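Generate coordinates for the entire structure from the input sequences, incorporating the hints supplied.
Sequence lines, in order, name chains A and B.
First residue of the first sequence: 45, per this note's numbering; consecutive thereafter.
First residue of the second sequence: 8, per this note's numbering; consecutive thereafter.
Note that these hints are calculated values from the structure, not bench results.
Computed from a predicted model, the values in this text were never measured in an experiment.
Glycine included, every Cβ here is placed at the ideal spot set by N, Cα and C.
Some clues are possibly wrong.
Claimed, not checked - Ranges between beta-carbon positions, derived for each pair:
1) A:E159 <-> B:D216: 28 to 34 Å
2) B:P79 <-> A:R149: 53 to 59 Å
3) A:V227 <-> B:P277: 55 to 61 Å
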Amino acid sequence: MAEIELVNVSKSYGPHRVLHGVSAAFARNRFSVVLGPPVSGKSVLMRLIMGLEPVGAGTVLLRGKDVTGEQAGTRCIGYVPQSFALYPHLRVGDNIAYPLTLAGRKRSEVRPQVETLARKLRITDLLEKYPNQLSGGEKQRVALARGMIKETSVFILDDPLVGLDFKLREQLFVDLREMLSEVDGTFIYTTSDPLETLALADHVFILDEGTLLEQGELNELYYRPRQVRTLQLLGLPAANLVPGELRGGRCRTALGEFSVPGFPGGVQRVVVGFRPESILFGVPAGYQSLHGTGHAMLREDLGAETLIYFEVNGVRLVGAWSNGQATPVGGDTVPFAVPVEDLLCFDADTGENVFSADSLAAAAPTFSRS
Amino acid sequence: MSEIRLVHLTKRFGGLQAVKGVSLRFLPHTTTCLLGPSGCGKTTILRMIAGLEAPTSGQVWIADQDVTNLPPRRRDIAMVFQYPTIYRGLGVFENIELPLREQKLSPAERRKRVENAIQLLGLNGSVNKDPSRFDNGTRQRVAFARAVARQSSILLFDEPITNVDPESKFRLKQDLKKLTQELKQTIVYVTHDQNEAMTLADQIVLMKDGSVLQQDAPRQVYNHPSHRFGGWFLGNPGMSFLDHPIPPSGAGLLRSDLFPYLVRLSGELPMDARLSHKVVLGVRPEQVQLRLDASADAVPCEVLRKFLGVAGQYLAAVRLREHTVWVKCSNQLGRKLGRQAYLRCSPGVVTVFDDNERALSVRLVRHEELVKPSQPSPEAMGI
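Structural data, given as structure tokens:
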């Protein structure tokens, strides 16, 4: 059974509709990530689940029970918000205990609970310190603990790393799953960051402009996205998109054309998408691919990887050269190829997948380029 | 144009020493990135160069002049801030032109400079629009153009692309690359983002806790960190570290988790490193390889976690005998990776640090003999 279920939830502020009929089930003991660009409605959705705001329409079920009309206090959900102001005059231990002492419980009484949680989150040595003695990462760990001190099994982490330093974020999202591994519970985590999502999620929900576009297992969404926005949002750097046209069993794009036998007749405007890692540099000729020579725009050195941005016939593409070696394409011209089996094709209007590698393979395409 | 020289520069804020006796040179026609985590003092240094902050002690020299006590407007500096400034009610052209009006320039000269800056930053399509309606990225490009039009000998950037959307970030990085290639100015750029620094800088100044740890070309800082902190801070993620005792009489022989054979420290170990009886081995995630099958040069390991990262690669945390190490591997291998794997590392790629976190000039090499189960352990051999 789902711990939390949303049925057709909508929300408007005045004439402005921010959530459109969202239905989602967050499974027990799973790490669910809601991934969406800024202002896609993630925080509003979390506030509706918490009960901090009333829903416009629809139902919120908590462990099967309709809680739509209930106050936040009775829902008992742990909450780690974006901004994590700790009380400067309280020691870390008392900061963590605050939600409980606020509810009238004695400090001495909740102490064992604080210590148990601190041990699970590996911050025991911080308990006696004051917030101004902590590093940024330690502060965030303490804020996390404060959000999780409630005796509950549902925790909402609303973009908890946004605005932190690059390195700090990396360190926290790499460690977070391990930190939480000893805490039983259902985690709902929102972010706009693809790397955080890839490192943390069991299950992913793609939210865009207030609409839940797609949901599923992380790997399923990464390798077989059904929506073009999923391909774009879930991955770094963002996937390459090239407009194209399907006509008479062939797909024409600015990078060349390829045949799609078995595709029903008629004309359709499409978007052809492929990930940066699908772009091959320095491959032998004759490979079944879209290929050509691009003009280099920018090389980004990430240390272990180089991202190569280049332009071909007015289309900007990005590829990656991994494993820390010097790139084979150092100059202004960038010869490249994309294997045809890596191409995904989406309807230009609905964004839905028209065909993918699998269906192409099944149809055994005879590839040609004109 | 003008070299910037900092001489034993110090800044205190109350009890906090934000900058601790920093001496640096910033060369003309060079982009130097001040890189480090928040609170390392990088922005304070930039503000002292600009004259927006007075040093507690030490001097700032620009060209051959001590400017420590000169106000900002007399330092021949243009600066771009984290949050772009747009003068409301003025068009794009006027926004870029405004600082030039304070200089004794002919209207024709002003026009020429503004138009050049507009050209350089590709703002031609935006000149007739209202800049107060621009998104942050375009506003920042106007701010870039305003700084460029000044033609000052020094250009300072304070995390200029932190608060813009990804598309603008890409444009601004391209712009910065172009600026640094086409302008002959001394450019100082502050960032906490190592990727930005690696991509944009000619020189990186790596800072921590108010001090400079290393100043070098980006690849040098990445490949040869002078300090453990640099090994960790650069890279996504950075190095994994393995602590190793060095037995006093061991002739530099080590038995490390990373190798199925003995390795040797090649080169003279400094006295204090020998006295601490400890070295730290640092290895980057892309410098070690995972394999699915056992081989004579690989050690068995347990895969604790794996997940997708940049450009479809997998990042895996693997447990060796006593240490956990991060490894990057290809998508094909990562997908197949189960609980058990084998790790291969070439001793030559390992960076050796001393107990005080400084990199040593010694290298690791493979000791001739393989460790076989039948042989006595190094401990038993007294090493």
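Quiz item: Out of the numbered hints, which ones does the structure contradict?
Solution: Number 3 only.
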